[in-house]
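Q: Chains as they are written, first to last, in the UniProt record's numbering: chain V, 1 to 597; chain E, 1 to 842.
Think of the hints as simulated: they come from the structure by calculation, not from any bench. Quick caveat, the model's predicted, so the values are computed rather than measured. We put the CB at the ideal spot given by N, CA and C, even for glycine. Be careful, since some hints might not be right.
Stated by the list, open to error - Label pairs and their computed distance ranges (CB to CB): (1) V:124 / E:545: 56 to 64 Å; (2) V:398 / E:686: 42 to 50 Å; (3) E:508 / V:16: 36 to 44 Å; (4) E:409 / V:569: 54 to 62 Å; (5) E:584 / V:567: 54 to 62 Å; (6) V:130 / E:235: 49 to 57 Å; (7) V:51 / E:406: 43 to 51 Å; (8) V:5 / E:764: 43 to 51 Å; (9) E:531 / V:207: 37 to 45 Å.
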Amino acid sequence: MDLGNLRQSSQFRLLNLLTKIAPSDVQKDLVIHEDLMKPIDLVSGARLLREQGVDKMFKLASVAPPWKNYIRLYFIPSIYAVAENVAKQLKRHGVEKTVSYHIIVVPKVLTVIHSLFESLGVLDFVTLHSYSWDFIPLDSNLLSLELHHLFKASFLKEENSLLTSVAKALMSFECLLGKFSCVMTLGEKSQRVHNLLNTWKNEIQPTFPVETEFTHLIMLDRNIDFVSLLLTQLTYEGVLDENLKMKSGFVYLDANGAEGSQRLMLNSASDEIYGEIKGKHISAVFQHLSKKAKELQQKRDIKNTDSIEEMKNFVSHDLKRIQSQQKSLALHISACEIVMKRQAGILEELLELQEDAMSGTKMKEYLAFLEDSIARQFNLATILRLCCLHSIMEDGLPEKEYHLLQRQLLQAYGYRHLTTLHYLQRLGLFNQRDSKMISLEPLLPDRLARVAHAASFRPERMPFRKICQRLNLLPLDESSQPNPCAKSGQHPSYVFGGVYTPLVYHFVERCLKEKEPSLGDYVRCFGNNLRIGDCSHPQWGARGKILVCFIGGVTLAEVASLDLLSRQLGRQIVVATTSTISGSDFMESMTSQHTDT
Amino acid sequence: MALLTADWNPLGREAYYRKFEVYTMGWIDQVNLQDLKVNVAPSGGPIAVVRDDTKLTPVQTSGKPIIFIFSPSGELKSTIKWSGGKIVEINWSSSEELLCIQDDGSVSAYDIFGNYQNSFQMGQEAREMKIIDARTFSSSTGTGLVVLTTNFRFFVVNNIKDPRIRRFPDIPGVNIAPSCWTAIHGDDRQTRVIVAKEKDIYLLDYSEQHVTQKIPEISHHHLSIVAMAVSPCGKLVALLTDAGVIWIGSFDFRRKFCEHDAQCMLPAVQLVWCGSGAVVLNLGSVLLVLSPNRDNFTLILDSTSHVCPEVDGLRIITNSSHEFLQKVPLPNQEIFRIGSMSPGAILVEASREFQKRSHRAEEYIRLVKNQLEQAVIQCIQAAGNEWQPGVQKMLLRAAQLGKSFLFDKVDSELFVGMCQTLRILNAVRNYKIALPLTFQQYEQLGKTGLLNRLILRRQYSIAIQICQYLQMSEADGIPRVLTEWACYKIKHGLGKLDAEQLASEISAKLGTGSKVSYSSIALKAIECKQEKLAIRLLDFEHRASEQIPLLLKLGQEPQALAKAVESGDPNLIYYVLVVMKETYSADKFYMTIRHYPSVNALYAKLCRTIQMGSLEQIYEQEDNFNAQAILSVKDSYRAQKLENRSAMLTTAVKQYRQAKAEIAASLTEDQLKLLKSQSSYESKFGCPVIDVSLNDTLKLLMRRRDIKETEEMVKKFKVPERRLWWLKVTTFAEIGDWAELEKLSRLKKSPIGYEPFVDVCLQYNNVTEAQRYLPKVEEHLSIKYYVKAKMYTEAAQIAFQRKDTEALHYVQSRCSSNRDAVDMINSLIAKLANPSESQNKR
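With the sequences and hints as input, model every part of the structure.
A: Okay, structure coming up:
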């Protein structure tokens with residue numbers, strides 16, 4: 001399998017688009033939106049862009065950059081506000097006959113954007129283009145579309161225009177790497193994507209490679225398992241993501257991510273050490289790193305005493321490797337340091353609380369702690385995570401507690417967060433017990449439709465704790481003693497410190513059971529949200545590769561658990577996602593004030 | 001062999017011309033060309049005839065002329081009963097449309113079956129001045145048309161599909177009618193007119209708007225030029241004088257190639273080129289063929305004829321037959337010329353012997369062994385140029401024989417391609433289909449061109465067979481033919497069949513899920529005002545992006561919306577919404593979209609982003625108070641003035657109440673209260689307070705030591721005791737008011753314990769103050785807090801008293817840098833260990 005093909009296909013299309021706009025020997029300027037810089041860098045790299053005649057590159061700002069050439073490109077995401085900003089900028093700038101503007105919208109030019117440009121009357125000298133990349137390989141087992149605004153659009157606002165891009169990406173995946181013969185979807189959005197995929201296949205009838213390596217496609221919605229999002233991730237990569245915010249496979253070691261600050265590329269293909277530690281429990285990482293440091297030191301020392309011939313060999317081959325390892329080792333150690341500093345003191349308390357929430361014990365102390373931390377105005381995102389976790393596990397809070405928490409939160413963090421609480425309620429994350437159906441769907445207008453909706457999609461939503469018990473996702477229940485495997489990485493719950501097995505691990509494992517997937521429990525838990533493809537297909541039992549696709553984002557802890565599963569089964573599992581997501585990321589996007597972009 | 005060269009006429013030394021019969025005309029004994037004006041469409045096209053009103057004939061019908069359209073084999077296809085004005089000229093366009101040019105400058109186009117297609121005008125001046133003559137020419141973009149008005153001005157249209165009229169410069173000299181003229185379209189995409197006025201010749205160039213006079217050198221005496229023709233290659237020109245002399249020269253009239261007295265005194269019928277190698281003068285039933293080298297021969301025909309130039313020859317239409325005159329192509333000449341020793345000829349001979357099973361075949365092959373490749377290619381090419389399938393077969397057999405000696409040296413594509421092409425050509429040459437294309441014409445026309453011709457003739461069946469045979473791509477192959485068929489079906493099923501019947505008939509033939517574009521068929525149905533049929537047909541279209549615009553065009557908005565939702569493409573949904581918003585009344589609009597939750601969400605987004613309609617309206621329509629309230633709250637943040645903001649929040653409270661969301665209502669009320677207080681503080685303190693949280697407001701008050709106001713706020717917002725203590729502790733420490741902190745600690749037993757007191761003191765590095773509260777720390781935390789305060793000795797002492805070795809180790813681990821403390825703890829641990837030992841001993 002060559003996931004690099006995906007990158008090449010995206011790259012090919014991008015370069016094609018650029019040459020279509022103007023041949024590569026014509027110099028052009030490029031303005032690029034911040035969110036797209038990293039993905040574009042991963043897709044093509046600056047050098048290739050320069051080969052296509054891109055001369056100056058600017059970051060999109062509120063004013064036009066100092067132009068140099070006559071062909072000017074904009075690279076923007078399909079966000080109305082951004083497009084509006086660009087359109088107004090161009091209108092102010094006015095028409096020059098010799099200048100042509102091209103606006104490339106990722107993933108596609110929506111009608112609203114087109115009509116916006118039309119209404120501002122700039123289409124005479126502006127051409128709009130659509131560009132969408134395929135899944136971008138971030139790591140050897142992780143593909144991402146880097147569509148960070150998809151979660152909010154699809155799950156919060158029920159606005160599904162971005163799902164077409166997911167379906168499109170899946171189709172080109174199939175075109176490049178073969179057709180999936182077995183498809184399972186869990187969740188309404190996944191099902192929608194699958195339907196789109198089928199519709200297009202019928203419409204376009206593309207040709208697929210004869211040999212397929214990937215036989216199974218398993219799709220899940222993010223809202224099926226919010227607990228994995230809310231719990232603190234304890235794998236090394238998860239911790240880095242939560243604390244330093246991974247952006248398209250990079251983390252910046254300086255908190256502000258300023259230009260020229262140290263950055264760490266999280267890709268196990270290019271960084272051997274990272275590959276070794278990324279899935280490890282954080283407590284084991286530092287040990288490993290120090291062991292590694294000693295090893296490196298030894299290697300150098302031993303080599304120093306060898307003959308000239310070997311010395312030459314060493315310098316030309318091994319030294320480089322050792323040096324690069326040394327460099328990355330230093331980076332990882334400093335990353336560890338930063339993370340440790342940040343979490344000092346809080347982490348243990350937090351883990352204990354999470355354990356309580358998952359097991360449903362010591363509820364009084366739990367609430368008292370929440371109240372205290374609200375009074376002390378701890379980090380809002382952390383508090384909200386704990387609140388939501390509690391609400392989910394208890395299937396909503398009792399009226400009194402719910403009101404109390406709401407009042408406290410708003411008084412401490414400002415009444416602005418009333419909308420935040422609304423959002424969380426709408427997502428089913430922070431609710432009052434038994435009051436769900438009334439307030440859940442403010443956007444579904446028609447009572448009839450609502451009833452129909454309720455009847456078809458949630459014939460009685462099962463409380464999450466019940467789901468956990470039925471699927472056996474809470475290892476703590478089995479024995480009151482903390483699981484000995486929790487930290488060693490033998491049991492998938494290690495990614496959350498032994499308190500919870502990610503649902504996706506369990507689901508994928510069940511799907512891949514010999515011959516026929518045994519999903520009876522899932523049918524009982526999720527009803528209509530689960531769709532299983534044609535079971536009679538001869539490929540069901542085949543031991544091909546598996547693509548697990550997340551709609552709405554995946555946490556790195558879940559990726560690590562799937563990695564474990566892949567090792568246990570001896571089959572390769574690749575995770576594709578609309579974006580990577582972490583609990584802190586998620587809560588910050590919920591609390592941010594610019595929710596309408 | 002002798003037979004094949006029987007109809008060859010030598011012209012000069014090198015060239016031979018041959019004439020062969022294409023069809024025996026079906027119109028034999030019914031048509032007399034003498035009385036008719038004939039026009040033949042190029043590339044084997046149909047023939048249009050109309051009574052020539054310059055000639056006297058017995059009148060059979062009333063004055064209005066009838067145009068007859070015949071197939072190339074003389075089968076009557078259709079008649080057009082002309083009811084318009086006087087026809088100046090009828091002519092075919094390159095896409096086989098019959099152009100009828102009237103004297104008022106209007107041009108109407110008809111298809112082969114006499115159906116009216118469209119019309120256009122040649123402009124104001126042409127209409128007023130009337131037209132006396134017109135010529136078509138083939139241009140780079142299609143067919144062009146030049147007309148001559150009564151005031152001797154030329155107007156040109158370069159492409160009749162896109163008629164843009166341009167005027168040529170005036171002809172200089174005396175204002176008399178030109179004696180003859182012609183229009184040419186060169187490779188430089190410029191149209192020029194050559195016009196002869198008596199003896200003078202002018203070249204009119206409209207792009208440069210200038211006129212050049214050309215003076216050909218004609219030695220015979222003459223008064224005027226009566227006919228002229230430009231060769232297909234555009235390099236040669238032929239003139240005919242009133243004295244019956246033909247002059248051939250270069251296009252710029254500077255060089256003369258020959259001058260030949262044809263001795264034709266009667267007005268010549270036609271002067272045309274046959275290919276670029278010879279000029280043909282049609283004298284009715286006699287053709288004079290003349291080369292630029294003045295070699296010539298005459299052909300006698302059995303009746304009056306009409307000739308029509310083609311790229312590679314000349315079609316001759318007579319009362320009884322349709323013949324083709326062409327220069328014998330070089331490969332054929334090489335092979336069949338008497339006594340030819342060319343490789344091709346020998347290979348053909350070898351093949352002949354081979355058929356006879358004679359050993360001489362081998363000898364012949366050996367003779368051309370070195371040129372076998374050339375021989376094979378010659379044979380293949382020659383086969384293409386032959387009309388008789390028998391001869392084609394013979395040549396192909398020869399090629400095949402030669403090929404078998406060459407193994408893979410010769411490209412088999414050439415042979416296979418030729419076989420395929422000939423098969424198709426022979427099929428379409430059949431007199432029923434009557435498309436007499438030569439190989440060269442077919443090459444020029446191309447596969448798609450051929451299909452177009454077949455579709456124009458409604459030969460759908462053979463078109464599909466050809467598509468299958470050639471395995472043509474989907475874009476221009478079978479689906480296209482089927483689509484055209486369906487369009488024809490619709491057009492001609494009008495009034496005969498009802499929509500339902502037609503639709504099912506069409507879908508039965510076309511099938512579903514194929515690549516056929518139902519939308520283009522539906523578009524045709526719309527053109528024919530068959531809306532019902534169109535709607536029915538669109539059901540079969542599986543590409544939503546094609547289907548939806550048409551449904552909208554048909555006014556089927558609900559259906560379009562349903563399809564758009566089904567397709568899942570938000571762009572399409574937007575598109576439908578925008579159209580619906582424009583055409584529907586507001587009520588109807590909301591009533592329609594409410595059935596689709598996903599559409600609602602999209603519309604909501606549309607409203608949010610571009611305020612196309614207001615969101616409130618939807619929510620009001622739906623009595624969705626909760627959503628209205630959220631909207632009001634959001635709007636309140638956009639308001640600049642405080643009063644507006646409060647007003648909006650008050651509305652929100654009301655809406656929350658309506659939605660029975662009591663908590664949210666009371667929370668929003670709290671917010672209003674807070675805003676009110678904050679605004680008063682803002683004016684009082686002169687610093688921005690609005691929009692900070694309640695906690696921060698309280699802190700602000702405490703920082704200002706405004707105890708009374710603090711108490712009031714606490715009461716107003718029912719701040720719980722624990723939180724108030726937390727706030728106080730942190731704030732006092734922050735402003736360094738240690739006295740106040742101590743006062744607080746003494747006030748009563750702290751509900752939050754005394755650990756926070758220690759914490760805040762340590763946070764501001766005030767160890768002395770911290771010591772004050774350390775004893776009050778809860779027992780199980782005390783060691784930890786002493787350590788936190790870096791009072792290791794005290795911590796160790798407590799641990800010692802509790803006999804807790806583990807705690808001692810903990811303390812030690814935290815103070816590893818402090819030697820004394822470590823030693824001290826070591827001794828304590830030892831002490832702790834010893835008594836126990838001694839106890840054990842006892």
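Q: Are the hints correct? Go through all of them and say.
A: Structure-based check of each hint:
The beta-carbon spacing between residue 124 of chain V and residue 545 of chain E, approximately 26 Å, falls outside the hinted interval of 56 to 64 Å. One distance hint, 42 to 50 Å for the beta-carbon pair residue 398 of chain V and residue 686 of chain E, holds here, with the actual separation near 44 Å. The beta-carbon spacing between residue 508 of chain E and residue 16 of chain V, approximately 42 Å, falls within the hinted interval of 36 to 44 Å. The hinted window of 54 to 62 Å between residue 409 of chain E and residue 569 of chain V holds, with their beta carbons roughly 57 Å apart.
Checked against the hint of 54 to 62 Å, the C-beta distance between residue 584 of chain E and residue 567 of chain V comes to roughly 59 Å, which is consistent with it. Our hint of 49 to 57 Å for residue 130 of chain V and residue 235 of chain E holds, since their Cβ atoms are close to 50 Å apart. At roughly 46 Å, the beta carbons of residue 51 of chain V and residue 406 of chain E sit within the given window of 43 to 51 Å. Here the CB-CB span from residue 5 of chain V to residue 764 of chain E is close to 60 Å, at odds with the stated 43 to 51 Å.
A hinted range of 37 to 45 Å for the beta carbons of residue 531 of chain E and residue 207 of chain V is consistent with their spacing of about 38 Å.
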